[in-house]
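Engineer: I would like the entire structure built from these sequences, with the hints used as guidance.
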Amino acid sequence: MEETLQTPTDYQLEFNGKGSEFFSVTIVNWLLTILTFGFYYPWAKARKLQFLYGETSLNGDSFSFHGTGKEMFRGFIKAILIIGFLYSLFFLFLYLKLPILAIVILYLGILALVPFAIHGSYRYRMSRTSWRGIRFGYRGNRKEFSINFFKWLFFTIFSFGIYGSWMSINMRNYILGNIRFGDVEFNSDGDGGDYFMLNLKGYLLTVCTLGIYAFWWQQKLFEYYINNLSMSKGDKEIALNSTVTGGGFFKLAIVNILIIIGTLGIGYAWVVTRTMKYIFENIEMEGNIDLNLLSQTEENYKDATGEDIGDFLDMDFVM
Amino acid sequence: MKEKTIGIFFDGESAIPKEIEVFFDIEKSVLVFETENNQIHSWDLDGIAFQTKSKNTYLEYGNDPIQNIKISDDDFVNRIHDFRKKEANQSWYHKLMDMGIKAHIFFTVFIFAIIGLGYFYAIPWVAEKAVIIIPEDYDSHLGSTFFEQNMLFNDVDAKKTKALNLFAKELNLKNTKKLKFTVVNSPIVNAFALPDGNIVVFSGILNTMKDYDELVGLIGHEVVHVNHRHSMKMICRNLSGYIFVSAILGDANGIMATIGDNVNSFQSLSYSRNFEHEADVEGFEILALNKINPKGMSNLFNRLQDKEVVTIPEFLSSHPVTTERIKYINELIKTKPFQYQENLKLKKLFLAIKN
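Chains as they are written, first to last, in the numbering used here: chain F, 1 to 319; chain B, 1001 to 1355.
Source of the hints: derived by calculation from the structure; they are not laboratory data. C-beta atoms are modelled at their ideal positions from N, C-alpha and C, and glycine is treated no differently. Check each hint, because a few of them may be wrong.
When the alpha-carbon atoms are kept at most 27 angstroms apart in a straight line, the in silico BS3-like pairs for lysine-lysine are as follows [said to hold, decoys possible]:
#1 F:K18 x B:K1327
#2 B:K1070 x F:K277
#3 F:K143 x F:K302
Ranges between beta-carbon positions, derived for each pair [said to hold, decoys possible]:
#4 F:F155 x B:A1130: 42 to 52 angstroms
#5 F:K18 x B:Y1328: 53 to 63 angstroms
#6 B:Q1039 x F:G84: 14 to 24 angstroms
#7 F:G84 x B:K1086: 28 to 38 angstroms
#8 B:A1130 x F:G161: 34 to 44 angstroms
Listing some non-contacts, in silico: residues in chain F with all C-beta distances to chain B over 12 angstroms [what the hints assert, rightly or not]:
#9 I27
#10 T33
#11 I80
#12 G84
Structural biologist: Okay, structure coming up:
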């Protein structure tokens, strides 16, 4: 007995996770991390991501995170070796009484790791994420991305940070534009100029309104990110649309702060699930791609080094 | 015995959902189902990853491609779950997850208790012991930096300094580092030891002394602080709380600032009760070793405590003198055998230092 289920023409993105469930995940992770003197961290991270991805669903089917603690532990060891190597160079030059060279090498080394880490994180995260068994993928080219990254960084420094808006949007466009969901391509068409004006206006109004406008600024930014994102497959398309409001963000933030203060931080799990719920509730998808016809195109990629370097540098790249 | 239910199968090649009938064969511990073209699949229970996601259960099988079955039938899932529990196929993580919210709240309390104990007891203790790995050069570096910065603005009395150094030379102080004494003209009633062996004595405290044995008591006490690297240990201790918090919050920049703060407060760095006790006991031994009347030590403390009524001598805030400590020294005087004799050379030098 077998039949192909009806093709849905509309798309429903949801986050179903409950705060109490995420609380349990977090607490068990903490407990095991403490009892193992921190060595459980990669496994804890895998459990956390598995929960958050698993509780997110598209048309009633959950996303999956397939990354394992073992993979991330290997990446963690590699990341330690790479960063350890940089630091040993640093101390070597200090020992040779060349402190300026030592610092320059350390900082340039860490800076050079940033595009490497971003690229690695995306390849790993995307390849380890799936929906109905269909993997995501990141097809960016590391060399191309690194060259662009340093070019943009150079412009940003020499424009005293003004080019920073273009840099972040260019990066977004490049990275998101290289994401595949099976044979569906993601596209991002942000523009640095628009983004710059958005932030300038947001900043000025926030200052004028003593911070109250910040929530509406956040709304505009979120809208800008989401509305410029789309998916395509051949001549078919899905457009994304944000329905968040400044008032919504305001309410979300106030309640989150009250939860954190009222529970002395224990309510963190509820803050995360509330926020995820709000965000996914407010992303609409519209278009004519038949999701049943997605096919597996992206390869497996199990090297978590980039992801772990990202953790070391205290950055969370994946949007 | 067989159980059956309806599931949705994804073959890992396309996203087309296929409704299937799944059979769970308990004896063979396999899942069996049939897909198009009458193809029979048999999944070994040990190879299946069970995950509850968004209220449905997903069974994952295989590596590349990963195949999936989505099951919404809770009873069926629970029966498999119970079966696996009996077979002890559960990971630690799942066992802990299954313990329920009450256990998790208990874990929370446990974790907070560990963090609290760590913060208040374990970490400072470890930090204090960790001083061994900090090279003594660093002590000297911090000490001389402070000395150079601070003595510039202080009125150093060259004559008294010379006399005090001669005074100390007469004594066997069991010091591990070269000691250098400096007398500063100031009404401040204080003396402090820097980790590099510099010991600064203010004329204010010298003026309160009546006899040279009190000065030996003071020197003996300060030297013990230097010998045992007490100030470095206190810095590590003070720093440990900060390191702990910043490890949690992920901020490392503040550590250097905290070292800086502590260096600036060498003068008023407050030693712990244990360090004071150690300095008293060993200071007493130094007095006995040099055949000086150990009463000098308790006399000095008594005098400082009397003075406290009018103005609190700084020495007391950095070296908290308690009645307990004076009592303990008196106890030592009573119980420990010692001999002392008048040392005319020291007496003469003491007078030179005082005037």
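Engineer: Against each hint, give a clear statement of whether it holds in the structure.
Structural biologist: Cross-check of the supplied hints:
no., hint, result
1, F:K18 x B:K1327, "violated (62 angstroms)"
2, B:K1070 x F:K277, "holds (23 angstroms)"
3, F:K143 x F:K302, "holds (20 angstroms)"
4, F:F155 x B:A1130: 42 to 52 angstroms, "holds (46 angstroms)"
5, F:K18 x B:Y1328: 53 to 63 angstroms, "holds (60 angstroms)"
6, B:Q1039 x F:G84: 14 to 24 angstroms, "violated (51 angstroms)"
7, F:G84 x B:K1086: 28 to 38 angstroms, "violated (46 angstroms)"
8, B:A1130 x F:G161: 34 to 44 angstroms, "holds (41 angstroms)"
9, I27, "violated (5 angstroms)"
10, T33, "violated (10 angstroms)"
11, I80, "holds (16 angstroms)"
12, G84, "holds (16 angstroms)"
Checked against the numbered hints above, the structure violates hints 1, 6, 7, 9 and 10; every other hint is satisfied.
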